[in-house]
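Given chain A, work out where chains B and C should sit, using these hints.
Chains as they are written, first to last, in the numbering used here: chain A, 905 to 1741; chain B, 258 to 759; chain C, 752 to 1409.
Calculated directly from the structure, the hints in this document are not laboratory data. Glycine included, C-beta positions come from ideal geometry on N, C-alpha and C. A few of these clues could be false.
[To be verified] From the structure, some residues in chain B lie toward chain A, with a derived Cβ separation under 10 Å:
| id | residue |
| --- | --- |
| 1 | Ala422 |
| 2 | Ile473 |
| 3 | Leu477 |
| 4 | Pro491 |
| 5 | Pro497 |
| 6 | Leu550 |
| 7 | Val552 |
[Unchecked claim] Restricting the straight-line Cα-Cα distance to at most 30 Å, the calculated cross-link-like pairs of lysine-lysine (DSSO-like) are:
| id | chain 1 | residue 1 | chain 2 | residue 2 |
| --- | --- | --- | --- | --- |
| 8 | A | Lys1331 | A | Lys1425 |
| 9 | A | Lys1319 | C | Lys961 |
| 10 | B | Lys640 | C | Lys1223 |
[Claimed, not checked] Derived coverage of chain A by chain C (criterion: at least 3 residues anywhere in the stretch with Cβ under 8 Å from a Cβ of chain C; other residues may be distant):
| id | region |
| --- | --- |
| 11 | 982-989 |
| 12 | 1112-1119 |
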Amino acid sequence: MLSLFPANDYALIAVILGMPLLGAFVNGIWGKRLGDSAVKLMTLTAVGVSFAAAVVAFIALAQGVSEQNDAHVRLTWNAWEWMHTTGGRDGQNIPIDVKFSIDQLNGIMMLVVTGVGFLIHLYATTYMAGDKGYARFFAYLNLFIFSMLVLILADNLPLLFVGWEGVGLCSYLLIGFWYESAPNAAAGKKAFLANRVGDFGLLCAMFLLAHYTGALDWNGIANGASSLVHPGEPWRVHVWPIGGGQYTGVLHFLQPLKPFTVSAATAVGLALLLGCTGKSAQIPLYIWLPDAMAGPTPVSALIHAATMVTAGVYLICRLSFVFVLSPFTMMVIAIVGASTALLAATIALVQNDIKKVLAYSTVSQLGFMFLGVGVGAFAAGFFHVFTHAFFKACLFLCAGSVIHSMHARIHDDDKAQDIRRMGGLRKWLPLTHGTFAVATAAIIGFPFTSGFFSKDEILYRAYVDRTINPMASSPLFKHFKLYEPPTWIGPVLYTAAVLAAAMTAFYMCRLYFLTFWGDFKGWTIGRPSLIAKQELGDEHGHDDHHHEDLTSPGYPPHESPWQMTVPLIVLAAFSLFAGVLNPGFGILKEKPLDHWLEPVFKAATEGAVVFGHGNDAEWAEHLEWTLALGGIGAFLFGTGLAYWMYVAQKGKPAARLAAEFPGAHQLLLDKWRIDELYDATIISMVDSLADTSAALDKTVIDGILARLTALIVAASGTILRAFQNGVVHMYAAMMVVGIAGMAWFFAVPHANATVVDAGNDDYVVSAAPGVGYGYRWDADGDGLPDQPDFAEASSVKLHLEPGKGPITVGLEVRNAFGLVKRKSISVARPQAPISSL
Amino acid sequence: MNIALALSPLLVVGIGALLLMLAEAFSTNPSRDLAGTGGTGGLALGATTVLFTSAAFACTVWMVGVENVGDVSAVAPWLILDRFTLFFDITLCLGGGLASLLAGGYLLEHRIDRGEFYALILFATFGAMMLAAAGDALTLFLGLETMSIGAYAMTAFRRASARSAEGALKYFLLGSFAAALLIYGFALIYGATGHTDLAGIGASARSAGGRSPMFIVGALLVLVGMVFKVSAVPFHAWAPDAYEGAPTPATAFMAVAVKAGAFAMLLRVLVLALGDAGWTSWASGWPPVVATLCVLTMTVANVIAGRQESVKRMLAYSSIAHAGYLLLGVTAMMQNPAQGIASVLFYLLAYTASTAGAFGALILCGSFEREAVSYEDLAGIGKRHPAPALAFSLFLVSLAGIPPTAGFFAKWFIFKAAIEGGLYWLAIIGFVNSVIGAYYYLRVLVFMYMREPAAGAEFARPMRSGYVTAALLVSAILVLALGLTPTRYLDLAIGAATFGNG
Amino acid sequence: MQSAEHSSHAKHDAPLTIGPSQLGAVVAAAVAIAIAARFFDSGVPVVAAVIIAALVPKAHGWDVRGPIAAMAGLLALFIVRMWPGAEAAAPATTANAANAAVGGHTLTWIVAVPLAGALGILFMPRQAHATLRAATMTLMFAALVLALPLLHVSMGRGYHFNEDVMWMPRFGIHYHVAIDGISLWLVLLTVFIMPVATYASFGTIHTRLKDWCFALLLLEAGMLGAFFALDLFLFYVFWELMLIPMYIMIGVWGGSGRIYSAVKFFLYTFFGSVLMLGAILYIAYAYARVNGGQPSFDYFELERLMLPRHVQIWLWAAFTLAFVIKVPMFPVHTWLPDAHTEAPTAGSVLLAAVMLKMGTYGYLRFSMGLFPEASAEFGANLAGVAVLGGIVYGALCAWKQTDVKRLIAYSSVAHLGYVMLGLFALSQASLEGSILQMVNHGVSTGMLFLLFGVVYDRRHTRQIDEFGGLAKPMPVYAVLFVVATLASIGLPGTNGFIGEFMVITGTFASHNLGHFNGVQAVGAAVGVILGAIYMLMVVQKMFFGPITRKENAVLQDINARELVAVAPLAMMIFVIGLFPNIFLSQIKDAAARVQNDFDGRIMMNPAPRYYEGPIRLTSPRMEQPRAPTVEPTVEPSAERSVEAQAQAQAAVPAGEGH
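Isolated chain A (complex conformation) (with noise of 0.2 Å):
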């Protein structure tokens, strides 16, 4: 394989990522001519060609791995130069060019995206069926399918940058698919907005790697990194005050002594930690998230679940050399997640929208790959994210069937999503239920499932590892302190993240519970009622509804076809055995996957992560078992609850405890009413700010610089024009002013004088002429004229010895008229030359 495309022109490249791209154009452009039947052979066609491409690609890499003794194998293709930049602390340059790589890391997620992703587009194109766009759903699920893997196989961080806002921007529009309701279309505009802050720090964190690093390509950025960690001041970047204390003016007492300065590498990696968390739906970002989930259910699967969220614990993963610069940053990264799968977790207990309790569970999880991450345990948070891919997806698939087929009976998006109308599915969607039940496994944990393993490695990472600056050792950091994670971080993070499992045991159950067991709870809804005729007909304009008799109890939910049951069937077995690519437990000699990944972290993790008790690697080992008991109790805990609660007791001290509670119910219910936070605080900060500025804008500056302009010339033309009134005598009374005028300036004396340089220290000083005058000097500076009387002289010569402070020469002016006028001169030798240019 290698020696037809060779490694480091690896062209196959561009079949994995243009057969999407083909069917994105051949879909948007020409879809409404091909139909619908050629659209789904299209896409389908598309993506799973590249699925297969990518799985050559996967074989020659593992070749190409085992060929060289595990080393960091990259298949590069470059396609053309793009562009190039300034960089470097001597503004070198950086050339950045559509270059695209596959190495151990993207391999696997280039297999997760088109794989899942082709099972996505199977089930969607039934899913979708009948939709007024569906040639245009497919050409933005192929275009996103393009994006995620420019994302992915991106050899530099602005090409990433290219599928970071692709994906973006396809999130957005299928988001907003269907664009005529507006919360939809708001949606979208959200997460592109959401995403585009973070994009603002991943813009940041470019210029800042291009200065410092002096390249934005994987490689150059890793050879570069050093310099990211520098005690020296060029590499410390100044956030406060601004500039580095250089101001002088007024208000420098405001500048601290100290200015407040962080590594080079500290600001790169919270630059892209913003970038990620923006992506990754992380706080404080994450807002975003459960909005998308307006879009049609694949598109949650795939994008929202499964692959593009997943982007930013890709980045840090990819970039894991940088971040562990910055025990800091690493440290922000942990507990950013720690927080996210704890918040997300509590919102999730109380939702009742069956795809708004799966997107905080995304959220949540999310939190959980960060978590890992942030500890140093890269391959183990990649390691969830892969996991995740496949349970979460199917999670998304079955809650898409029990939607589908809900929706086939209430045709309401808001109440076919409501899990209080549903219950005992798996009469009727045996598959949907069977393959919902194994992706909750994986996802609360239920030993020896995917999920399980994945999760309990991050817990188990979180308490025993501990970041530290590899340079720390370096001796120009022997006078320089550097940052140090505090100790009781691993303990309290384990904590978190055992309670946000414990709670995701039970949301999910509940969930399962909900919707699966007990009595199906839509035949009410779904009953001919005045109200319900009125609603359907003011709500929904479709066609087919209104021919629905609606005096007859209608049809069971029923099972979906099985172009969308045999994606969950995979989806299914994968989170239930995927898990065996990575155990934990000593359950195989060598843990595969984190073997796969190692020369991609080794570069990160030697010396930056370590164990905890001064590295202590057999009480880690120790600690293994007594840690995933954790894990497991927290599984046990919050299943045994849900089923108490939710199947036991049939849902009653939920109500109970709602009812007991109810602030607190709400607020959950009101999702902690962040986005009213947000709303109350930054949003509106902005607003007005934008307000004050138009408002500005039409009245001050407009106001001034036009009307106001405008106004002194007319009014003042309006005044003058006043003496203009046609009166012979205003006329003349304004010639005398004139005339008055000009004969008090011919009347009086005006003394005025110039000095000049006439060499050898010579200074002439002369008088301006005038007609009739007569001048009287005072050369010598006494303060008494020199001569008598008024002479024609109109210059003095004055000799002036160098270091000699300046003579006041006085000159007195008589003009014509008698008038006398006096005025004193300064002579100074002026100040040599600066240069002698």
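Quick look at chains B and C alone, frame taken from chain A:
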């Protein structure tokens, strides 16, 4: 060759004026009514011919070389025959000729075509030419009065109109006042120095008489008289009323030829009589006075012009404002007389073409009993009658000083002279003023092209006249020629910028 | 059949049909590929053309697909031929040198064609609309074709197509035109966007068409001349020549408040330019003082002047004021929203696409070229203005506009903030990014205005609230608008990203912003967020959600003429976005030259960085094209045009008067 050739421009106009008067008096045109109107078409042509012939003679003399046409010092110091004079002869004859062409169309259309108008134009032009040539206080005053009286009479030419009479009366009263000051000033100077010739006055500046208070007072009065004639603020008040009241060709003549004559006088007197170091001192001589007048004139005239509702009155203020720009060139003379004079000369030439053209376009836009005066009268004309509108636009763009027209280069040279002379602040004020100026010139374009007449109002109905069209053609060609190949005309101006034939 | 296609949202799948037209297309494609293969060694461009033609939705006929295919083919050809390194294969370097040295009259022709055309239009009958349109388009294409040879030269550091003729010897005024890598793309942008805007305007401008064509051609000549001119006087003449046509265009064919806007536009720009005129005069005569009394307006001569601080600051201020008004930068930007709002579509397009670039180009060429020390002294502070007053404030103001064209106008303020920031920062990348961003802004904002003109023609309102849900009745239009929006907010892969990215990274790497490069780069990056806010707000309100007004439900989708006009811009968005190196490779060396010259001057002078001492001249620069040694003569073509103009002006009154 003899002196007659050197004097030929003057002689042609003088003799032509007399002949024209005779012809007018003895013509027995049956179409003439009791009021004396009718049948003057031939006179307009005659007057124009006379003036252009005179200009042609002036050109001939220029080409032959003034120093080659005989002993020009024979008439000195009363008349100085140099290239400066010839340049003014050409400019004045051009202005007068354009005015009489305009009159040929205008008077006929508005039923006031009495023949004496052309004689008045010729005499006034004669006076202006004499003024431009005058090297002595006596001939200067003679020329001034000949010119002014013609202008007074032309202003009052619309006998039926009260505004015309009112304007003429104001002009006459204030003009006489100023003339009195001027002649009184010369009398005082004569008393102080014993000279009436300008060169002699200038030469005696270092003498005791030249430094006496009497001389200074005299010079002050002369200065006042002259700036009155150039209508500098605050001695401008007569101008808008007179310009507005006068029939439009007369307005054009006053704005063009009278102003040019006055500037010729101003330049001569300032350079020849008040040209020594004391008088040209920035501290105490005339430059700061002229500079102050310049700033006042530009600013006040521009600001008021922006508030006018009548285009004719706006053009009147615009001509005052242009006097301000010209005074900038005059001020620049203090450092480098040749530079300043050349810029003023070129400006006058460009200004003559543009202003005469603008008034001509205004005339063309109106017709009997529907004379175009206000902005509203011009509304929509660009759409209905593109040709006059296009011509009008060209002249206004030139007046606003936008390339590639004559006005742009005129401003360019004036400001160049000012900046070279170090008058930065004056130049900046001038630049800002030209922005204000652009506003009201463009306002005409706004009405012509972008507005429709108010509901119910009729569209303007342009008159048709070969005379006016010819005048516009001549002006337009000049405006473009001066704008596109300014060097050759500027060479002329520079050649004319020295007094005497040295 | 077509209507059935449209309503086929139901179950039935229309099979792919092959009709005579498709068969014909296949045959034609085969023939064309064969021909192209003979000429160009590859059928790439033609294949691209055919594919694009085939891909254009069927709703449009061959009248649309043909031109679009042709454009696509030309663009593909452009990419293939212009690819950096493509000329390395051919021994083109010597040919380039020869080209540069010969110069010739290429540039003169490019200006002369529209100028002469404008005068010629005056003689054409007013009612012959079809002839007027055809003549105008022909002239514009002629200018475009004449400009294409400019691409054959590898620009490098120097100036090319140099033509230097003494015009007015007494004043040292030359007719001196040349282009370098900086002006090259702006010139091409101008000749490229003029036919686009003109073509689009012909569907909507029906009144006073002759005047319209005249104004367009005169405007083109003025803009091209200003980009070519290397003599300050000549530059000023062309600079002013642009004003009147644009003033007329806004004032005559504009919206309801057109007169106010036109006058405001004129007075703002005129105010700046008269002060610049003063500065030009001063600098020319300052030169005369050290050159034996002979002034010069030649850029290369004046560049050699060493001016002390107090002089330089004032001159720099006068020049810069003129340019920042034109850009426009805060706080002298308020004419722009008014002008854009009221201008007819083509006027807005040209104003945004080319005319605003005059300011940025002027600053780069003249303010920075002639007064480097002053530019360096104030650059850091002005960069702050560009970030806060342009990028941030402009975006915030844009967000709050209810009028779409006003909003796009404020977005221009924000986008040009990037350009100016890049110029102030003056690092290699930021400079290249700025120059590219000038072109980008022309393309994407031009496209936005063009597209907005489409709905404006249908609905005659500019209020955002008047629209809503347009994506349903106008799907193709919506797609194009979203594409333009994405380019405007700088989505990677579109042109906007390249410029913004290079400016931001370049700003951070800059040494010219004192200690504030970091905060300014961050501020510029914030603009990326704000840009998305307001543009997406517009898109959402206009295109998504339910249709709120009855009249919007029946709007026609974009028609053939509009699509053909927009298509080249849409293509350029991706061409620049994906293949920026085509453009950057020509810009690169010129930008490096600017930076070297600038740094050279700054480094040459000691601590206060200003030259202190009497005005003096330095030696000429290496890249300066030598003036011809022949005896200076008056340029003959100028002579001819004088007569032609005089005749033109004279003939019109004569012809109409009777």
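Taking the hints in turn, this is what the structure says about them:
| no. | hint | in the structure |
| --- | --- | --- |
| 1 | Ala422 | 13 Å, violated |
| 2 | Ile473 | 6 Å, holds |
| 3 | Leu477 | 5 Å, holds |
| 4 | Pro491 | 4 Å, holds |
| 5 | Pro497 | 6 Å, holds |
| 6 | Leu550 | 8 Å, holds |
| 7 | Val552 | 13 Å, violated |
| 8 | A:Lys1331 x A:Lys1425 | 13 Å, holds |
| 9 | A:Lys1319 x C:Lys961 | 63 Å, violated |
| 10 | B:Lys640 x C:Lys1223 | 41 Å, violated |
| 11 | 982-989 | holds (count 6) |
| 12 | 1112-1119 | holds (count 3) |
When each numbered hint is compared with the structure, violations occur for hints 1, 7, 9, 10.
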